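The chain contents come next:
Protein chains: 2
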Amino acid sequence: MKEKQSYHMDLETFRKNGYATIDWVVDYLKNVESYPVLSQVKPGDIRKQLPDAAPEKGESFDAMLKDVTEVVMPGITHWQSPNFFAYFPGNSSPPAILGEILSAGLSVQGMLWATSPACTEVETHVMDWLVKMLDLPEKFMSHTKGGGVIQHSASDATLCALLAARERVSSGEVNKKGGTGNLIAYTSAQAHSSIEKGCMIAGIGTDNLRLIDVDDEFSMRPEALDAQIQKDKDAGLIPFFVCTCVGTTSSLALDSVAEMAKVTKKHDLWLHVDAAMAGTAAVCPELRFINEGVQEADSYTFNPHKWMFTNFDCNAFFVADRAALINALSILPEYLKNEATNDGAVFDYRDWHIPLGRRFRALKLWFAIRHYGVEGLQFHIRKHVELSQQFKQWVIDSDNFDLVVDNPLNLICFRHKDGDDKTEAIMASVNQTGEAYLTHTKLNDKYTIRMSIGQTNTELKHVEHAWRLLNEASDKLSK
Amino acid sequence: MKEKQSYHMDLETFRKNGYATIDWVVDYLKNVESYPVLSQVKPGDIRKQLPDAAPEKGESFDAMLKDVTEVVMPGITHWQSPNFFAYFPGNSSPPAILGEILSAGLSVQGMLWATSPACTEVETHVMDWLVKMLDLPEKFMSHTKGGGVIQHSASDATLCALLAARERVSSGEVNKKGGTGNLIAYTSAQAHSSIEKGCMIAGIGTDNLRLIDVDDEFSMRPEALDAQIQKDKDAGLIPFFVCTCVGTTSSLALDSVAEMAKVTKKHDLWLHVDAAMAGTAAVCPELRFINEGVQEADSYTFNPHKWMFTNFDCNAFFVADRAALINALSILPEYLKNEATNDGAVFDYRDWHIPLGRRFRALKLWFAIRHYGVEGLQFHIRKHVELSQQFKQWVIDSDNFDLVVDNPLNLICFRHKDGDDKTEAIMASVNQTGEAYLTHTKLNDKYTIRMSIGQTNTELKHVEHAWRLLNEASDKLSK
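Chains A and B, in that order, are what the protein sequence lines are. Our numbering puts the first sequence at residues 1140 to 1618. Our numbering puts the second sequence at residues 1140 to 1618.
Quick caveat, the hints were computed from the structure, so don't treat them as lab data. The structure displayed is predicted, hence computed values, not measured ones. Each hint should be verified, as a subset may be incorrect.
To be verified - Just a sample of chain A residues kept apart from chain B, beta carbon distances all over 12 Å, derived:
no.: 1; residue: Glu1151
no.: 2; residue: Gln1290
no.: 3; residue: Val1524
As the list claims (entries may be wrong) - Each computed SDA-like pair below joins lysine to any residue, with the alpha-carbon atoms no more than 20 Å apart:
no.: 4; chain 1: B; residue 1: Lys1316; chain 2: A; residue 2: His1147
no.: 5; chain 1: B; residue 1: Lys1370; chain 2: B; residue 2: Asn1321
no.: 6; chain 1: B; residue 1: Lys1476; chain 2: A; residue 2: Lys1315
no.: 7; chain 1: A; residue 1: Lys1187; chain 2: B; residue 2: Lys1271
no.: 8; chain 1: B; residue 1: Lys1181; chain 2: A; residue 2: Val1485
no.: 9; chain 1: A; residue 1: Lys1315; chain 2: B; residue 2: Glu1335
no.: 10; chain 1: B; residue 1: Lys1556; chain 2: B; residue 2: Ser1537
no.: 11; chain 1: A; residue 1: Lys1316; chain 2: A; residue 2: Leu1471
no.: 12; chain 1: A; residue 1: Lys1585; chain 2: B; residue 2: Leu1475
no.: 13; chain 1: A; residue 1: Lys1401; chain 2: A; residue 2: Asp1365
no.: 14; chain 1: A; residue 1: Lys1476; chain 2: B; residue 2: Ala1567
no.: 15; chain 1: B; residue 1: Lys1169; chain 2: A; residue 2: Lys1315
no.: 16; chain 1: A; residue 1: Lys1585; chain 2: A; residue 2: Glu1603
no.: 17; chain 1: B; residue 1: Lys1315; chain 2: A; residue 2: Leu1376
no.: 18; chain 1: A; residue 1: Lys1169; chain 2: B; residue 2: Leu1150
no.: 19; chain 1: A; residue 1: Lys1155; chain 2: B; residue 2: Asn1321
no.: 20; chain 1: A; residue 1: Lys1561; chain 2: B; residue 2: Glu1478
no.: 21; chain 1: A; residue 1: Lys1581; chain 2: A; residue 2: Ala1567
no.: 22; chain 1: A; residue 1: Lys1278; chain 2: B; residue 2: Ala1193
no.: 23; chain 1: A; residue 1: Lys1316; chain 2: B; residue 2: Glu1335
C-beta: ideal position from N, C-alpha, C; glycine also.
This is chain A alone, in the form it adopts within the complex (with noise of 0.2 Å):
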């Protein structure tokens, strides 16, 4: 027998099992609502189906494929579907998906320009769009000294926007001497865990992070912000770094950028705006009111693989003086040396975050921004809002749910009248029909349910249907 010369799968045989994986995604999303959107097996029920030990021989693409859907199915939740309410949306979309396809088969790294410039080139280009389509300030944009930069997520866009502060407030010396431990960064009471997260990776330490109280309203307070940068400092601290949320991870709570700018400016810190999910809002013009202020922010990130039909990984983040960015980041060994790079003429994309690799992600944002349109955007985004608003009037009112914040955008916190136990056993029992799926928060210590309307198949159908669902269940409850 003659010995076998590879092992790779040949190209017609990829051309064929491509169409049949192109079939299946066109499939799921046909009938991703058959499935419970929240996955009901039980620890273990996944793994206990899949052999002990990877094949000796190679397997036919058809038996993984049917694992897929036998095996892994089953395990999923499903963030496509339109009755997926939970969290924040995850979206994708056929443009995007296209994308990423032709980002793995060209599986180029963009770390530097040299090594693939037009991975470079169309993210910076992408990110410049960006700044113009939701209007913020020009100095996000690549021609200032300022740009954008695509990160893996808001988590590592605030590590970065802690770690450039962080160097520019000590001039250099915490990346060559270590912490200090006397570095002071602030954020809201209702911040994202990524700013904890952030603060313990980057030696800033926790107890150094200081949670600021909010208003009736989740917005964080201005002047307790104020006054406890002036006690820090008057306790020799040195305050360095301010993260303000354009949307709460628990409510969507809006912090006024423009009065946080205020203090900043005063203290001289550097002001990292957190958009994460509400930054594609600003799309539409009459939702800019968000930012209002960003003007004076150091930098600003949010997440078009949220809300802006673009599949995870892709988060945007902008820096308004890229040198900062880069000081804190930059190591350039001599296997890393080119002309391009020497010449200072590029943007190297590895001094700009924490990996050193990186692979194509712009394509899939440029592809969905390009489907769209900046005009097809606004329609979905304005009817994820509109749908929000009618769902927010519909618990006003009502008679078996409270209201328990009043948000411009698309999330729509409550809870039941009759208190935390009833508001968690409806949302299990709604959850448990598997025909939709929203998760919880506590505001005020109480037990609220989260209804974050933005997936991007959702209608007025699926809204409606939660909503009946919703009172079903607090129906049969009360029973």
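Take the given structure of chain A and dock chain B to it, following the hints.
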């Protein structure tokens, strides 16, 4: 005119465009050798062809694909060309691409077990497979106190190892109170820049990273490591972390993990093993000498996205004590609480790395392993090593070139007998042909060409052709 009800790409159009995209990728891979390996564009060449602003109206997918072909492609450096010998391989393969498509189609978030149980369980399972396939110690498997996780890159993995070590040595104090500037980390003077970057990010400080002397083979000298640790202890500093390299970036030099382990055991330091590129070699029993001593390591990382035919991003990171890692990175806000997490019966991978969000990356690795089987992976790794050893012999026998290091794996470092200028000119000349692409490093301060043989489709003929180009350039430049 009826108002437009949706801007989404309908699913039948998606199917058609999906097939076209698959065809595009197949054509690309068929013709990849016809492109210059190293992109020949100048800074700005790509951007100047793109419109200044995002389109107001949506565009057709055909227009996008056309732009990829006409505008993007000249700016691509072809990491998937069998004539790519630069840096390290950044491999892809058809089964991995198919897995990536499904991952994008499902677009789930795997931050918690509960947010898509299959995303976590398949990942844990495949990480366990890898431990067996590579004969890594059982303590890295999930049924022990350890476990494996997919990270974005080796830079992220090494940063996480640093953080886990930092928290262990400080009993959680740094997370709480911030850096102290007296924790000391150690690595080879030949180690990857990511260790230095990690020390900057984690607030350790580059002054507190000791770059330990290497021997004539560029491997870290254990007695030098021991002496430096003792010296730092005597100075009242706190040594806590050693990163040892199984394959350095410059020359693929192999530290002796066993010798390093004796030192870290003596001084009770965290031992992290960075086998980013070379780790895949251990799938072949005869190459497992590279990992000798790894049973003493606290953590281990390698990149299936380099040499295991799985497209970026897919780094594998293993820890012996997952509690140390989780303690370093865990935050549990109310909005992420759920029954499975509370029970402690599951892995929530958000606590194992920097980001919160994470996509279903295990699919592509699972597919690549299943397609090739252990046998197929061994076949291709052996072939790459064999080709490299052949190339090495040509260098040894050559009148033009000198071998710089005698490496047993797949990176051959060599230079021209006439010195730096000639060596550099030869490499530039070969790269300008577009028929092969190599990069350089400096070893003992001398300009050295690196021939990295590991691209998925590299065969003898490609290696022979590169060798011919190098000698032709040498002859031409000697005239």
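Original post:
Hints broken by the structure, by number, lowest first?
Top reply: Violated: hints 1, 2, 4, 6, 15, 16, 19.
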